[in-house]
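*Asks:* Just so you know, the protein sequences line up as chains A and B, in that order.
Using our numbering, the letters of the first sequence correspond one by one to residues 4 to 202.
Using our numbering, the letters of the second sequence correspond one by one to residues 75 to 242.
No wet-lab data here; the hints were simulated from the structure.
For each residue, glycine too, the CB sits at the ideal point set by N, CA and C.
Watch out, some of these pointers could steer you wrong.
What the hints assert, rightly or not - Just the calculated beta-carbon pair ranges, DEER-fashion:
1) B:Glu212 with A:Asn88: 47 to 53 Å
2) B:Pro99 with A:Gly117: 47 to 53 Å
3) B:Thr192 with A:Asp19: 46 to 52 Å
4) B:Asp210 with A:Glu40: 42 to 48 Å
5) B:Ser184 with A:Asp132: 23 to 29 Å
6) B:Lys114 with A:Leu179: 33 to 39 Å
7) A:Asp19 with B:Lys114: 26 to 32 Å
8) A:Arg187 with B:Gly91: 20 to 26 Å
9) B:Gln117 with A:Gly127: 25 to 31 Å
10) A:Pro196 with B:Gln117: 17 to 23 Å
Listed below are the residues making up each chain.
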Amino acid sequence: MIRYECFEWLAPLITDQIIVTSLSGQRVEWGQLSQHEGNLLLGSMGNALAVGTGLALALPHRKVIVFESDGSLLLSLFNLPTVANLGPQNLAVFVFDNQIYSGTRISEPTATAGKTSLELIAKGSGIDDAITVRDIEQFKKTAASALTGHGLKFIVAKVEESRSHRKIQRTNMDLLENKYQFVRYLEKTEGKPIFLGRG
Amino acid sequence: MEPDLASKLVNGLRSAGINFVTYLPETRLSQILPLMREDKFFQLAPVASEAEGVSIAAGASLGGKQVACYMEGTGVFVSTYNLLTVAERFGVPMLLLVSYVGSVADKRNSFLYVRRGTRMIPVWEALGIEYQILSDGENLETRIKDAARMMHALKLPVVLLFTGEFTS
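Bound conformation, chain B alone (with noise of 0.2 Å):
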């Protein structure tokens, strides 16, 4: 992703009043870490499996916080227990960031990722969570800050899967 690209990311989700991100660094999006890492508005818990990365920034939004989560796509597979247990069961807010990787956009598809990605849009729907597909930086504050108020009225994660621009 380039940095611009990365920076706009990062101002969104500050924008959105994000302040609290489980994160486990994948292959389109992290060059975001390194911006959030060094704004002290994010407090960052980073995680060996984007199963505890759902459950961890569950607890936080309990607690008062605005969390995010943020994975690659592949990460979904292993996180849909506790989305289902913990996130959709109790009812909790919080946004996942997704790297949509082996969707149709996705600069980077190969047969590695490719069946994580049309296999992807079924699991949301599976587990009745909204999603929205990111492919360009157009509108990124505006759409990110969209998503965060639709988690807030539905007390439930909703999905950002990033494509396209956000994965060369």
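Chain A on its own, in the form it takes in the complex (with noise of 0.2 Å):
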């Protein structure tokens, strides 16, 4: 399984769901394959949990699904029992898991291709619904029901290493602009103001 096939499965099922990526190459493969208005494409490591958390308790009728990686959340551990008790339920978190550094281009390997389960640690760190998944069939399954079911859901996609995003043209959009277009998604579906204050 490769995260590019992972996303073309899912990017044809985003409707109004907040969707926030780390940095990567998922980046610019789901910048790519997904023109949705509510991506917020973070471009940073160690943030995408924790940003998603807290659009997640902000807006809890809405669902939130965060795309990391093993990388990114390794950076950021701390996250997993904060959201844990945290617990919001609108939130779905993906960890495509390459057991790599891809950005070094010499395939550096994370603690993950070691002796490290993210999936026990999240349990560990008191999210119950943590699943490890290794082929696409059995990603499609989980995908679905955390795509739009209740419930926190914490699942590592253990994929193959890729460098395909390498050739894909990366985007023009810079953070601000993807910031703005983003807040102005929701403020028209929430139908409320999210930055205060007028010129």
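Each chain sits in its own coordinate frame; assemble them with the hints.
*Replies:* Here's what the structure looks like:
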């Protein structure tokens, strides 16, 4: 299983969910496959789960989906007990675990290539509904229920290393532009202002 | 911090419209926590690291909450990455409530804290984040409202550094 085929399957299923991505190839791949205005393409490691948690707490009636990577999550493991105890029931977390720091371009291994299981860390942190999936059919089945179902979900998708994102032309939408698109989408769909103050 | 000052601070936050607060309990201002916890106006998010405190607050801000992030001055050094890569880079309004440990007016200053205090202002200046130093409760509500108006105008974090009477 590679991450791109998971995204190809997920992208047409997104309707009014809020999406937060981490850095790395997933940002590039998701940005190509999904033009959803509710995409927040963060572009930094160690932030996606926390930002998604804040969104889920602020908008408990909206489904929030976070795309993390193993390297990014390992940078912010303290998120897991925090999320478990806050317990947002509208949050689904997908960790695309390729077991490497792909940005190094020399496939340096992460801890999950060794002895570490993110599923077990999540469970030990108090996230009961944590699972590891290893093939695309299992991914589809688990993801389908996470997209619409209730409850805090944590899905580790074990994926092969893929360098296909390096052939994709990257977006020219910078972070501020992405923020305003995202915020205006929320204002439109929530029917309320997000940012206060007028000129 | 004296109970009256803690109440004044919490009332000031409420008057400024702050309704979502991430926090890591610390040594100077924690008397505000039980007051906020019993007030349904505030949605609280306890965190394990000031780093995620900033990022969770950023998400809540983008979701329409008026947010504050409460931490000890020590936590500023933990969270500068998140302040830079999320709050500053995306331009997210948030009020940072920071106990200014190790500052000259910190009434519990010691060798444990002082370096964190003496390096504090250069950090905000390097990050380009506006800050105000508060050492007493005079006009506190107005000063918090001013800071909140500033964060909305800038669409950036604004910091209130609490020392003096707040650290007794």
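*Asks:* Between the beta carbons of Asp210 of chain B and Glu40 of chain A, is the distance compatible with 42 to 48 Å?
*Replies:* holds (47 Å)
*Asks:* Just tell me: holds or violated, for the beta carbon distance of Glu212 of chain B and Asn88 of chain A against 47 to 53 Å?
*Replies:* Check failed, 38 Å falls outside 47 to 53 Å.
*Asks:* Please check whether Pro196 of chain A and Gln117 of chain B have a Cβ separation lying inside 17 to 23 Å.
*Replies:* For Gln117 of chain B against Pro196 of chain A, whose Cβ atoms are near 18 Å apart, the range 17 to 23 Å holds.
*Asks:* I want to verify a distance hint. Is the separation of the beta carbons of Gln117 of chain B and Gly127 of chain A within 25 to 31 Å?
*Replies:* Check passed, 27 Å falls within 25 to 31 Å.
*Asks:* For the hint 20 to 26 Å, verify it against the beta carbon of Arg187 of chain A and that of Gly91 of chain B.
*Replies:* holds (21 Å)
*Asks:* Between the beta carbons of Ser184 of chain B and Asp132 of chain A, is the distance compatible with 23 to 29 Å?
*Replies:* violated (46 Å)
*Asks:* Look at the Cβ atoms of Pro99 of chain B and Gly117 of chain A and judge whether their distance stays inside 47 to 53 Å.
*Replies:* violated (34 Å)
*Asks:* Within 26 to 32 Å or not, the Cβ separation of Asp19 of chain A and Lys114 of chain B?
*Replies:* holds (28 Å)
*Asks:* Within 33 to 39 Å or not, the Cβ separation of Lys114 of chain B and Leu179 of chain A?
*Replies:* holds (34 Å)
*Asks:* Between Thr192 of chain B and Asp19 of chain A, does the beta-carbon spacing fit 46 to 52 Å?
*Replies:* holds (50 Å)
The structure shown violates the earlier hints numbered 1, 2 and 5.
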